[in-house]
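*Asks:* For reference, the chains in residue letters:
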Amino acid sequence: MADSILVSAQGLTKVYNRGTEEVRALDGVTFDLQRGEFTAVVGVSGAGKTTLLHLLGCMDTPTSGELLIDGQSTRGLSDSALTRMRREQVGFVFQHFGLLPTLTVMENLTLPTLFSKKEAKAYANELLERVGLTHRRNHLPNQLSGGEMQRVAIARALINRPQVLLADEPTGNLDSANGEAILQLFHQLHRDGLTIIVVTHNPILANATQRQLVLHDGRLVP
Amino acid sequence: MSFIKLSLQNMLRRKLRTSVTLTGVAVAVAALFSLLAFQRGYQTGMRDELDRLGAHVLVVPKGCPYDAASTALHGASWPCYLKYAYLEQVRKTRGVSVAAPVFMNALYEANGNQTVYLGINDDIRMVKRAWSIEGSLPVKTGDILLGAAAAKSLHVQRGQEFDLPGLEGAKGRVCGLLATTQGADDNFLYMPLADAQRLFNRQGQLTHILVRLQDPNSLEDVVGALRACEAGMDMNIVPLTHLFRTIQSMVNSTRLLLGCIALVALLVAGAGVSNTVLMAVTERTREIGVMRSVGASMGDIFRLIWMETVQICLLGGVVGVAVALVGAQSLEGWLRNRLPFAPTGTLIHPEVSIMVACLAGAALLGSLAGLLPAWRASRLSPVEAIRAT
Ligand SMILES: Nc1ncnc2c1ncn2[C@@H]1O[C@H](COP(=O)(O)OP(=O)(O)OP(=O)(O)O)[C@@H](O)[C@H]1O
Ligand SMILES: [Mg+2]
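Protein chains in written order, with my numbering: chain A, 99 to 320; chain B, 722 to 1110.
If you are wondering where the hints come from, they were derived from the structure by calculation, not from laboratory data. Fair warning: this is a prediction, and the values are worked out from it, not measured in the lab. Mixed in with the good hints, there may be bad ones.
Said to hold, decoys possible - Restricting the straight-line Cα-Cα distance to at most 25 Å, the calculated cross-link-like pairs of lysine-lysine (PhoX-like) are:
(1) B/Lys892 <-> B/Lys873
(2) B/Lys726 <-> A/Lys219
(3) A/Lys215 <-> B/Lys726
(4) B/Lys861 <-> B/Lys873
(5) B/Lys804 <-> B/Lys783
(6) B/Lys736 <-> B/Lys726
(7) B/Lys726 <-> A/Lys216
(8) B/Lys861 <-> B/Lys804
(9) B/Lys783 <-> B/Lys813
Generate the whole structure from the sequences, applying the supplied hints.
*Replies:* In structure tokens, the structure reads:
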């Protein structure tokens, strides 16, 4: 069923120029992801996992190859068109949480709506409840634990109702208990039909997914 | 949440750094504001002074032209005299409506107090049309008409006899009180011309003549005629409107210089703001990456950083204007002691329009200073920004 494919990567290649040396961070990566799939991207350090996630999140453009999200090609899109893709199609979660230190939990959560100019008060409350942080809504990030910050970051990634959630080592800075809580949250979101791609070194998280993409030296290991 | 709030919060993150930068803007704006307020005040002050004066032309002795004119207006002594006989010639000149003779002398006491005596006759009435006198002009020997400020400092009543300050043994009787003119006239003691000439031992001499024209527009012609008259060689004819213009242009050239300095200060302050915000952009590179990842466009980032710069400058402008308002009084005193000629009214007129102009200038400065950092920030690629440490 072609129309159930949400993300389609075709020969994605990313070459960095480090001085005179060329680094092929990604080399002809091809795969399709079904809508609603929960996928892990694994591999050793430097394998190209973050690079792949940045391409999928429209944060960067491939040197060659093509990426389709929801059937729409991202090839040759302008910066503002890529921005629109980031706003509407994807939600991004970072290992370092990426909360703005001057904003409260609620303000961080609704930050994307400042740029998309969509009203999402009710949905923000709902998400906050869902990640169990309603009582923390007016706190600043430095008053939260790492696990709580990451839950805020996940809620923020969902505020614009994206098609796909991209998470780069979301449990990398957390202890196992907090990592477990994040995993449970991903499970719930997956059950609700969200497509999730998570880069992880955490075997528990990786094993909990339906599918694993293994990267080695920028290539997919079959 | 709004862009304004977000950029305000960012601005307040480094309070010390922001305040140092802001001070630069504040100083420049305060200087600019004071300068503009002074320009406004000085111009109106000069115009009022001219109106109060009543005379169109001042005739002073040869030798000390502008100094003499300025002292004649403010009250002092100077060692040059006109012959009384010249008065007739001035009077007879075509176009002259009134020529009022004056003998002025200032006496200084050991404690620094100054008393200025003016010998006058009725002609003064025709020149100082705005004068309102309770009592009469000094006509009889011993009569003294007191300016409002002089009456206050001497504590004397109408009809009262008192010792003339600085003139040992001489007595006077208050024949009239002059209502305040808001000008230098308030400080003087007026007596009959003959009394003054006798008291200061200058019989048949004058210090200056106040001339009023039949038609102020014929100033050039009358001045020419006065210079051409027989006594013209011994007199200095000072057209007051010209005098004021000359003083004004002297002050104007200084003001231009000060204006340039204020402008340079403003530019330096702008560069400071630009630099501070550039630094902040570097520090917050990763945050900018996060914002790009959640959907901020290049324009959004530009706007955010640009607004932050404008806010710093605008706040600096507000502080600067406030400082200038608070300091206006001291500046006024300082200026008064240094200007070649200061009118009696307030020198510094801090008007709302000037305030608005200064704040608009600060905002404009911020807009320009913000272009570079905002451009830099918006050009950061999302991945580079997010990978920055
Ligand atoms: N901007 C860049 N310039 C040059 N080389 C880069 C750049 N970004 C990444 N690389 C290189 O590309 C390769 C892949 O990097 P990437 O960050 O995708 O790895 P990763 O799988 O996420 O590693 P880790 O598990 O350590 O996060 C690495 O060799 C890295 O050094
Ligand atoms: Mg990585």
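*Asks:* Confirm or reject each hint.
*Replies:* Going through the hints against the structure:
no.: 1; hint: B/Lys892 <-> B/Lys873; verdict: 18 Å, holds
no.: 2; hint: B/Lys726 <-> A/Lys219; verdict: 18 Å, holds
no.: 3; hint: A/Lys215 <-> B/Lys726; verdict: 15 Å, holds
no.: 4; hint: B/Lys861 <-> B/Lys873; verdict: 23 Å, holds
no.: 5; hint: B/Lys804 <-> B/Lys783; verdict: 11 Å, holds
no.: 6; hint: B/Lys736 <-> B/Lys726; verdict: 16 Å, holds
no.: 7; hint: B/Lys726 <-> A/Lys216; verdict: 18 Å, holds
no.: 8; hint: B/Lys861 <-> B/Lys804; verdict: 23 Å, holds
no.: 9; hint: B/Lys783 <-> B/Lys813; verdict: 20 Å, holds
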